[in-house]
Amino acid sequence: MKKAVPLIVAVLSALLVMVGIFFREDLGGWVSVVLNWAIVLSSVALLVVLARLLFMHIGYITMGRQGFIYSLVAVLAFLFTLIAGFLFGVENPTFLKWIAGIIRPLETALLGLVAIVMASLGIKFFYERGWNALTISFAISAMVFLILGLGFLQAIDFPPLQRVIHVIEGLPMIGARGLLIGVALGAILMGVRVLTGVERPYDD
Amino acid sequence: MPELSLNDWVAYALLVALFLIFIISYFIARARQKQGKAQAEAKTRLDAILHRSSERGEGIVIGLSEGDGARLGSLAGLTGLQTQAHVFRHSLISDVPPKAMAGEGSLALLSQQLNAGTYDGAAMPELFRMDSSALAGVENYAYLAGLLPELSRPNLSALVMQGELNPELILALDSAKRQGLDTVVASSSLSGQAASYLADPESALGEEAFLNQSTRPREKAGLDASLITLKIIRALIVVGLTVAVLLHFLGVLP
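Sequences listed follow chains A and B, in order. Residue numbering for the first sequence follows our numbering, starting at 1 and increasing by one per position. Residue numbering for the second sequence follows our numbering, starting at 1 and increasing by one per position.
In short, the hints are calculated from the structure, not lab data. Don't take each hint at face value.
What the hints assert, rightly or not - With a Cα cut of at most 30 Å, we get these calculated BS3-like pairs of lysine-lysine: (1) 34(B) to 3(A); (2) 124(A) to 43(B); (3) 3(A) to 220(B); (4) 177(B) to 124(A).
Chain A with its partners taken away, still in its complex shape (with noise of 0.2 Å):
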């Protein structure tokens, strides 16, 4: 009984919200009704695990475990922000610019940062697995899209040029395809699995 009830209720919410997109004005606004109780299921369990971090770093911080700076910064920070925004509101215009003053630089250097990474691993990547017909390609790949992403080919006025660009433009859009129908029937698969009860993430 204590394994069936998940169950039943994870099986029949799955089918009420499937049979809703199909008979969404059959049924009179109950899959908008059960979709708001997500939300709000998923708002109430965002409170609860961030008063858990909270509590988690206020016991390093008691603790005096190694590194407990940074979570002073963290539990600082939080309240910062959680006192500023109950006593300005989230929408007022000096509270938004500070948070996105603190934010967006962090942001932007990470995105740097990511930029400088991948680059790196495009070198390594023909360091490690050196000249095969998979590097080759990316190489090429990568060449041919870096020039077609200056613009300069694009602006020759030659039908022909301009058929092959666009040719050669929808080529990662198929391989984007094969990847997508993959990722879709996978992500059915699944569906499948957790409205038969093959597989129950929410059960152990």
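Here the structure of chain A is known, so what remains is to put chain B in place on it, guided by the hints.
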């Protein structure tokens, strides 16, 4: 009910075929298990990592879905949870217990609940620690900021990531590699797959992102059935596309 086009009918037919093939394959797999005829278990990279971490007494960091992709109902996130359960089941008495990092509140709670259930099911609830699962951050970069310090912990052997992961995951992968950790990555997002393939040639591509591992009979049969279903459906799609192209050139299809 809206009017259905030919494409819709083909899609529904594929769905029904997939469902039927899965159900039949699942029951065949279960019957084979009961008769003891199941195939010898293939040794995977995750198995190797789990054995190594057990031998050396090292921990594993598990990265679940991040950012927008971790929202409630993300199937890739649920697959990640199954992988997490598999890792925890094999590391119950490890010197350095595994740690799961989620990018969304409900996923983090489910992850904690699953861990509590795993320890409870193994009759050792006293070993469950609340910090075995944690919220790393709710946006892509916040998630990275929460995950990266975990990789600097001493006595780690691997980083296992499964879920909806964006290309930024490459920073975590790079950091893990630099610290000599093994990595296993399965992202359901295309850009995530492209980025992880650059860092790790054995990262999951396409439908592999939704496959997980388990030693439990029911889940193992489900995985075997999934693999058979995927093979048959892929063959059907290839044949269908080839026939459609031929019919298009013959002028039968528009």
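For each hint, the structure was consulted:
Proposed proximity of residue 34(B) and residue 3(A) is supported: the alpha carbons are some 22 Å apart, at most 30 Å. Proximity of residue 124(A) to residue 43(B) is assessed by CA-CA distance (about 28 Å); at most 30 Å being required, the pair is judged to hold. Distance check on the hinted pair: residue 3(A) and residue 220(B) sit about 19 Å apart at the alpha-carbon level, within 30 Å; holds. For the given pair, residue 177(B) sits about 13 Å from residue 124(A) by alpha-carbon distance, which is consistent with the 30 Å threshold.
Of the numbered hints given earlier, the model fails none.
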